[in-house]
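Protein chains in written order, with our numbering: chain A, 54 to 527; chain B, 54 to 527; chain C, 54 to 527; chain D, 54 to 527.
Derived by calculation from the structure, the hints in this document are not laboratory data. Quick caveat: nothing in here was measured; it's all calculated off a predicted structure. Some hints could be false.
As the list makes no split between identical chains, a pair holds if one copy fits it or if it spans any two.
Below, simulated BS3-like cross-link-like pairs (lysine-lysine); rule was C-alpha separation at most 25 Å, straight line [unchecked claim]:
hint, residue 1, residue 2
1, 268, 494
2, 65, 444
3, 452, 65
4, 57, 430
4 protein chains.
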Amino acid sequence: MTNKLWSGRFTKPTHPGVEQYTASITFDHALAMEDILGSLAHAGMLHHSGMLSAQEQNEISQGLTRIAHKIQAGEVAFSTQDEDIHMNIERLLSEDIGPAAGKLHTARSRNDQVALDVHLYLRKQLLVTVDLLTQLQTTLLQLAREHRQIIVPGYTHLQRAQPIYLAKHWLAYVAMLGRDCARLISSWPRVNQSPLGAAALTGTTFSVDKHYVAKELAFDGIYLNSLDAVSDRDFVIEFIAAASLIMMHLSRLSEELVMWSSQEFNFVHFDDAFSTGSSIMPQKKNPDVVELGRGKTARVYGALMAMLTLLKGLPLAYNKDLQEDKEPLFDVVNTVQQTLSIYIPALSTLHINVDVMRQAVQEGYLNATALAEYLVKKGVPFRKAHEVVGKMVAHCVQKQCRLEELTLAEMQAFFPEFTKEVYAALDLDGIATACNQELDKELLMLEREVKANQGWMAEKQAVVSKVYVKYGLG
Amino acid sequence: MTNKLWSGRFTKPTHPGVEQYTASITFDHALAMEDILGSLAHAGMLHHSGMLSAQEQNEISQGLTRIAHKIQAGEVAFSTQDEDIHMNIERLLSEDIGPAAGKLHTARSRNDQVALDVHLYLRKQLLVTVDLLTQLQTTLLQLAREHRQIIVPGYTHLQRAQPIYLAKHWLAYVAMLGRDCARLISSWPRVNQSPLGAAALTGTTFSVDKHYVAKELAFDGIYLNSLDAVSDRDFVIEFIAAASLIMMHLSRLSEELVMWSSQEFNFVHFDDAFSTGSSIMPQKKNPDVVELGRGKTARVYGALMAMLTLLKGLPLAYNKDLQEDKEPLFDVVNTVQQTLSIYIPALSTLHINVDVMRQAVQEGYLNATALAEYLVKKGVPFRKAHEVVGKMVAHCVQKQCRLEELTLAEMQAFFPEFTKEVYAALDLDGIATACNQELDKELLMLEREVKANQGWMAEKQAVVSKVYVKYGLG
Amino acid sequence: MTNKLWSGRFTKPTHPGVEQYTASITFDHALAMEDILGSLAHAGMLHHSGMLSAQEQNEISQGLTRIAHKIQAGEVAFSTQDEDIHMNIERLLSEDIGPAAGKLHTARSRNDQVALDVHLYLRKQLLVTVDLLTQLQTTLLQLAREHRQIIVPGYTHLQRAQPIYLAKHWLAYVAMLGRDCARLISSWPRVNQSPLGAAALTGTTFSVDKHYVAKELAFDGIYLNSLDAVSDRDFVIEFIAAASLIMMHLSRLSEELVMWSSQEFNFVHFDDAFSTGSSIMPQKKNPDVVELGRGKTARVYGALMAMLTLLKGLPLAYNKDLQEDKEPLFDVVNTVQQTLSIYIPALSTLHINVDVMRQAVQEGYLNATALAEYLVKKGVPFRKAHEVVGKMVAHCVQKQCRLEELTLAEMQAFFPEFTKEVYAALDLDGIATACNQELDKELLMLEREVKANQGWMAEKQAVVSKVYVKYGLG
Amino acid sequence: MTNKLWSGRFTKPTHPGVEQYTASITFDHALAMEDILGSLAHAGMLHHSGMLSAQEQNEISQGLTRIAHKIQAGEVAFSTQDEDIHMNIERLLSEDIGPAAGKLHTARSRNDQVALDVHLYLRKQLLVTVDLLTQLQTTLLQLAREHRQIIVPGYTHLQRAQPIYLAKHWLAYVAMLGRDCARLISSWPRVNQSPLGAAALTGTTFSVDKHYVAKELAFDGIYLNSLDAVSDRDFVIEFIAAASLIMMHLSRLSEELVMWSSQEFNFVHFDDAFSTGSSIMPQKKNPDVVELGRGKTARVYGALMAMLTLLKGLPLAYNKDLQEDKEPLFDVVNTVQQTLSIYIPALSTLHINVDVMRQAVQEGYLNATALAEYLVKKGVPFRKAHEVVGKMVAHCVQKQCRLEELTLAEMQAFFPEFTKEVYAALDLDGIATACNQELDKELLMLEREVKANQGWMAEKQAVVSKVYVKYGLG
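All chains should be modelled from the sequences, with the hints used to inform the complete structure.
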């Protein structure tokens with residue numbers, strides 16, 4: 054006969070296929086430390102509220118700590134029969150300390166327990182993610198400082214548009230990643246909230262002190278509503294949505310780096326240590342890292358769609374469907390963190406082909422807009438100026454020359470007001486300088502923002518770490 | 054020959070199929086007021102920065118205002134040949150005031166112009182959405198107050214689990230919608246930011262005062278980086294992601310209301326004014342509104358997927374692909390607002406079948422957990438108590454009786470420590486009271502939260518309205 | 054009091070907001086002709102089965118035909134109060150012929166009626182889509198024939214890899230679009246199936262001849278199961294999934310054309326008639342059409358996600374959620390057809406820069422693989438040959454020369470077996486010829502496949518058209 | 054210095070983080086047998102075409118077979134340094150037979166090799182999936198036969214609509230799964246196609262016989278275009294799209310079974326062996342299996358979105374992004390097969406509460422439509438009949454009686470033509486019989502279809518197995 058911990062009213066053992074199908078231990082073992090941490094705090098609350106004696110709490114805590122250390126040492130083999138990490142640890146505890154283990158599940162259900170574990174897990178990973186984001190921003194800021202004066206074509210529609218500083222290009226990504234940080238930070242209050250005490254869905258008849266546990270575990274607050282506490286996965290989706298935007302940003306950067314690494318652009322090349330070869334073509338050096346990063350965007354989007362689909366139309370409160378929340382979350386956390394981690398050194402070792410960039414700026418009539426603006430400054434309505442310059446460009450395309458190669462007389466044939474100052478207005482460095490008077494300020498302000506986010510992260514990190522240390526899981 | 058405003062360097066007219074395919078005026082006319090508002094502020098800046106004379110600004114502003122009023126009066130027919138709302142209005146202006154209209158596009162591109170329009174549009178819609186969310190919360194809070202004492206089965210796995218107050222059920226949704234508000238509010242700084250001045254991608258050679266426009270239009274700040282300013286659609290995606298969670302929450306509520314309206318549950322029924330009939334089956338009364346609300350979740354998820362797909366791997370800065378951002382955004386805004394709007398009266402007129410709910414609580418052994426907890430309070434480890442009660446339930450199922458219908462002797466056969474106080478522990482009202490000691494406090498705190506969000510919304514609303522009024526578009 | 058056609062058991066009029074929210078006439082009017090066609094056939098069946106007299110059928114048919122012609126002439130204004138196209142037409146009929154109109158809905162529900170309409174609509178659109186796919190294939194085949202001998206770099210990882218014929222590149226897309234046709238064709242039996250007779254969900258007590266209607270409307274078969282008939286939307290999803298692959302293929306082609314149009318690649322440029330300009334930058338010529346096509350992939354993916362989400366977890370049989378199937382379907386049909394339609398002329402007028410392509414082939418060591426293969430033919434294991442050539446390439450990169458520019462002695466320093474025949478092995482034209490011995494056969498086989506698909510399409514088209522003509526709707 | 058098999062032109066070892074990030078061996082080891090099978094056939098072709106001597110082929114084949122048996126015996130530890138399954142096996146082979154191993158990669162790239170492996174893998178899994186689908190259909194057909202005469206309410210809008218046979222309900226799912234089979238079967242030609250010979254992207258300078266390999270491996274054909282061969286993942290997406298529909302169908306069935314298992318419906322309950330309990334609530338018996346099946350729909354949808362996102366806008370030919378195709382595919386294959394496998398016994402042991410179903414049919418005016426049809430048969434237009442019966446139902450709702458409990462006089466007050474035959478028309482069994490005259494035929498035709506699909510599957514299975522057996526991998 055079955056020995057499931059919930060088998061009281063059942064008359065048959067669980068079908069082995071069902072065990073296999075419904076068990077989550079194959080992936081939720083990743084929550085082991087959080088599960089134990091939550092149980093240690095819960096045991097403390099049970100004692101504090103008179104549901105465990107000091108000795109019982111002591112026994113349970115010591116048992117749990119022993120198990121934690123065994124798990125960390127890789128000495129524990131989990132069992133599918135015990136379904137999930139919660140039941141596995143309860144079983145281990147019961148083998149370790151005997152029937153007193155049975156008191157730990159007082160005033161608690163796996164429903165609020167797993168919600169607690171995921172909150173503990175995600176707040177830790179959120180901080181790691183912010184950390185990595187700011188590290189990548191720091192790398193990009195460093196590139197921006199190094200490339201402060203390098204002019205490259207700025208593109209729209211992948212057509213050369215106007216001259217820009219390469220620094221500005223990197224700073225665009227610093228700004229995007231800054232919003233990514235801001236999004237994660239603004240989601241913190243919804244992540245760092247304790248669901249414990251909701252039990253299965255409506256609390257219990259015990260006098261439970263939810264605030265005690267929340268304080269012990271350094272949560273910022275508790276869920277007001279117990280049905281919501283066990284069925285809410287908003288915080289998971291919100292993280293994955295934020296991660297989707299992170300990956301989207303990286304996919305744009307990756308796309309550009311792949312293109313810039315092509316022989317046609319030839320603007321950059323990755324260091325040999327960050328490139329790979331071909332099994333058949335001996336000459337190949339491929340930008341695999343950023344191609345793969347671009348590709349991994351897909352799995353994060355997929356996880357977002359999976360989570361949204363999962364929750365759609367689910368009645369309250371807990372349903373077994375919710376077990377499917379963990380694999381996408383874990384995968385997204387790993388994907389984003391690994392991608393950020395490898396992009397940092399890959400970018401800091403990137404080789405820049407300054408001359409090729411310079412050459413590119415000079416072709417493509419990137420000073421056409423400035424030329425129109427020159428006319429506007431002489432009082433010509435912009436629409437008229439645009440039209441005149443458009444015709445001049447068409448003329449140059451046919452003649453295969455640059456705008457600055459036209460004589461003044463040729464220019465005046467298009468519009469009489471041209472004077473010789475026009476050549477200064479066509480100077481690419483001059484244009485870049487004029488368009489970017491505030492670039493240094495932009496750099497400084499972004500640096501300041503990155504520092505502020507690092508400060509926030511360090512502060513939260515310190516608080517969270519203290520909890521693990523206090524409970525011997527540091 | 055073509056008369057496109059950008060046709061200077063072109064030697065052939067645009068293929069009519071291309072005009073048809075690439076024009077956005079069929080949907081971006083929804084941005085007409087925002088486009089004019091932005092142009093009015095831009096004209097002010099051009100004057101302020103010396104690029105327009107007072108008279109020119111005056112002419113342009115009066116022309117734009119006339120056009121705005123014509124559009125509001127439905128007197129304007131937009132043209133596909135003019136591609137988009139920006140070019141259409143520029144053409145109308147030029148017909149109205151002549152060549153001076155050509156000066157308005159100085160120091161501006163459609164790239165930053167459309168970004169500005171979408172920011173202006175979305176901040177307005179965000180406030181309307183928060184307003185509707187808090188109205189629906191208010192409706193649910195009202196239901197919670199009315200149903201403070203009604204006991205219903207709480208469900209997990211759609212199996213009756215424990216007795217809960219109906220109030221608690223409604224409050225779960227108040228809590229969810231509260232998070233939805235919080236998400237929208239925390240995205241505000243990223244929505245209420247001005248991209249104007251970025252021009253096509255890198256600013257212009259003019260001395261533009263970005264802060265002037267931002268202040269005029271009551272933005273909280275400006276985009277630091279110009280490439281980012283024209284290619285950022287994070288704020289659109291962030292809104293649609295938040296909207297996806299709103300719809301997900303409504304889909305869960307809808308699912309429950311559909312089930313509760315079934316003859317099997319029979320817990321509630323919608324008012325005749327909020328039900329519809331069948332073309333073939335004369336007896337049918339269908340909960341169409343909430344079915345459709347549930348279904349509309351799908352299109353919002355689809356829009357999220359579309360927007361994420363759109364942006365993936367796009368190089369900087371503007372690409373034509375970005376034109377595809379508007380239809381999903383508009384559709385999501387409409388869908389969410391319409392759904393919230395109709396749910397408010399549909400819920401406030403919902404009929405509750407109190408007796409059926411009460412009956413349902415009494416069947417299904419909803420007091421089994423409380424019975425286990427009774428044993429725990431006598432010192433039995435929870436695991437043991439759970440097992441004992443599990444066996445008692447199995448016994449009752451077979452006997453087709455309730456737990457409270459067992460005699461004390463029968464109970465003691467399962468576990469000797471039972472005493473007659475057990476019957477009090479099995480009382481459903483007692484259990485509900487014990488589990489929900491803090492329900493009134495929860496209600497109060499949620500009310501307070503709703504009020505705070507309404508306050509935030511009203512304040513922002515006032516600031517934004519003032520801008521429209523100031524420019525004669527109120 | 055309400056005059057809804059189903060209002061018998063209702064005591065209150067529908068709330069106007071509900072009418073607005075639940076009405077589908079704003080979009081399902083697109084099914085007007087199919088709805089009338091279905092009704093004409095249904096009336097025929099009712100007469101055939103004795104449920105309508107010849108005169109009644111006659112009256113109804115003439116009335117419906119009159120309404121059809123009015124709709125085609127744009128003389129009908131539909132009403133939201135009548136909810137959907139079915140009720141609108143029923144109302145119009147009743148105004149036209151009086152109470153006899155009330156007999157048309159015998160043995161039919163809107164559930165099977167709308168399913169029928171969508172089947173009729175989609176089979177027509179499926180054929181149009183196959184037609185357009187084969188037209189685009191024909192355009193690409195024409196390009197392949199024209200570019201049979203042009204050598205371009207083939208890329209992997211966007212790095213130049215080996216020389217290929219441009220023809221081969223276009224044929225890759227012909228092959229992809231061929232699979233798209235095959236998928237649509239293989240879905241035909243599931244599209245061209247009649248659901249009529251299922252009524253609301255289980256048929257009726259009338260003796261209905263489902264096969265009669267199916268034959269009249271040239272369906273290949275009927276739904277065996279009535280619950281399935283009214284709740285199946287597989288065929289819609291299957292079409293949208295196939296459309297997603299079509300758009301994915303076009304997005305890959307578009308991406309390449311955008312890159313190839315850049316100044317860096319400069320392989321192709323679009324005709325002026327298929328390019329657009331910039332509102333600010335006078336020199337710009339943008340490949341808007343293919344950018345937008347790439348972007349429109351997003352909305353088709355979004356529609357797929359929406360439809361899958363919609364259906365997930367819906368109990369049988371019809372639920373109001375299903376009304377949300379039409380807008381995504383219509384949008385996908387339009388998007389795919391418009392995109393294919395504009396790509397055909399845009400591609401057939403594409404300008405090819407043969408010299409630039411030729412130049413590109415010569416740089417990037419595209420003959421390195423052939424060089425390794427030369428060694429293999431001399432008995433060197435491929436792995437060894439790969440290693441040797443890899444070192445030679447590294448040497449050339451440093452020396453900034455091509456492989457064929459090494460002297461024989463230099464080569465022999467890397468590997469002694471090199472002989473002067475090596476220079477023939479390095480010849481790019483020779484390599485392309487050797488690698489593509491079967492290119493002409495490939496072209497022929499693809500042409501044959503396209504013709505076969507066109508034949509299939511024309512045959513089905515003829516059958517379907519005949520139905521419309523027979524009922525006076527051709 | 055690095056010992057990568059492609060390191061010839063590289064001057065630095067790969068960064069360890071890059072190895073970790075880009076390696077696929079952690080998941081693509083699942084392709085080991087297919088990779089070896091492909092290599093065995095490739096070696097045969099190399100010999101057949103004169104590129105390997107008989108002895109070399111022999112050595113290679115024996116080496117590969119030894120490696121295959123070691124892998125099957127679990128004696129091989131793969132290495133991340135060797136990146137993927139292809140390089141791992143090549144390394145093992147080289148350790149086993151020495152430098153001759155280096156000849157195996159002649160005329161082949163990992164690009165066509167991995168495409169081959171995935172084709173081999175998927176065609177096998179496709180057959181397993183069809184097999185499981187037909188097994189589940191067989192289970193449902195068995196239920197349909199058993200429940201041929203049980204009447205249950207048919208639902209629309211989750212409101213009781215008309216009486217149906219329970220058999221019909223099961224058969225709806227048989228029909229859906231039948232379409233799922235049909236979709237997989239119609240995708241077979243696109244799965245069972247050989248890409249080998251495409252090499253990296255354009256074939257090689259060797260005289261390769263693609264048809265030889267295709268015939269050896271029992272493919273139905275070869276890819277005509279080599280660029281397409283290495284970059285096509287349509288067949289993967291098509292499978293995942295078909296799988297999404299399978300899961301969607303199962304999610305609908307699951308939703309119904311979850312609802313039917315509720316105490317409110319109480320139509321069915323799962324066997325104890327297919328139910329699970331609660332960690333806190335001793336009375337709970339949860340339908341975990343079908344809840345989880347419903348939930349797992351989400352991950353399959355997510356995989357579909359991931360794959361579509363992955364491919365969007367990827368230029369030809371192979372890009373590293375494509376490596377991300379395998380995890381979603383493997384996960385979908387496992388998810389669908391596991392879900393089908395467990396549903397079969399879970400459904401075949403399902404308990405039906407016939408009496409509860411019967412009771413449910415009698416309440417809810419399920420005979421109202423038949424009553425309207427009774428009037429139609431007397432010549433009343435359906436619309437009028439619908440209106441009359443609607444009023445009668447409203448009357449009965451108020452009186453809390455059934456339609457058949459009205460006296461003839463009462464009925465005649467609503468409409469004078471009622472005669473006493475009306476009571477026969479109201480008989481539920483009579484209605485069910487009348488509506489379902491063809492149910493037995495439907496059952497037979499569906500059985501025939503299932504058998505045909507099983508036949509197809511068995512035939513293909515035999516052909517495929519023979520290949521594995523021939524090469525000693527059976």
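Practice task
Pop the pair residue 268 and residue 494 into one bin, within, between, both or neither, using alpha-carbon distances up to 25 Å.
Solution key: Answer is between: at 19 Å across copies they meet the 25 Å cutoff, but 42 Å inside does not.
Problem - Homo-oligomer pair classification [residue 65, residue 452; C-alpha up to 25 Å] - result: between (89 Å within a copy, 19 Å between copies)
Practice task
Go through the copies and call it for residue 57 and residue 430: within, between, both or neither, with a Cα cutoff of 25 Å.
Solution key: For residue 57 and residue 430, only the inter-copy Cα distance (23 Å) is at most 25 Å; the intra-copy one is 83 Å.
Handout entry: Alpha-carbon proximity context of residue 65 and residue 444, limit 25 Å
Key = between (86 Å within a copy, 13 Å between copies)
Of the numbered hints listed earlier, not one is contradicted by the structure.
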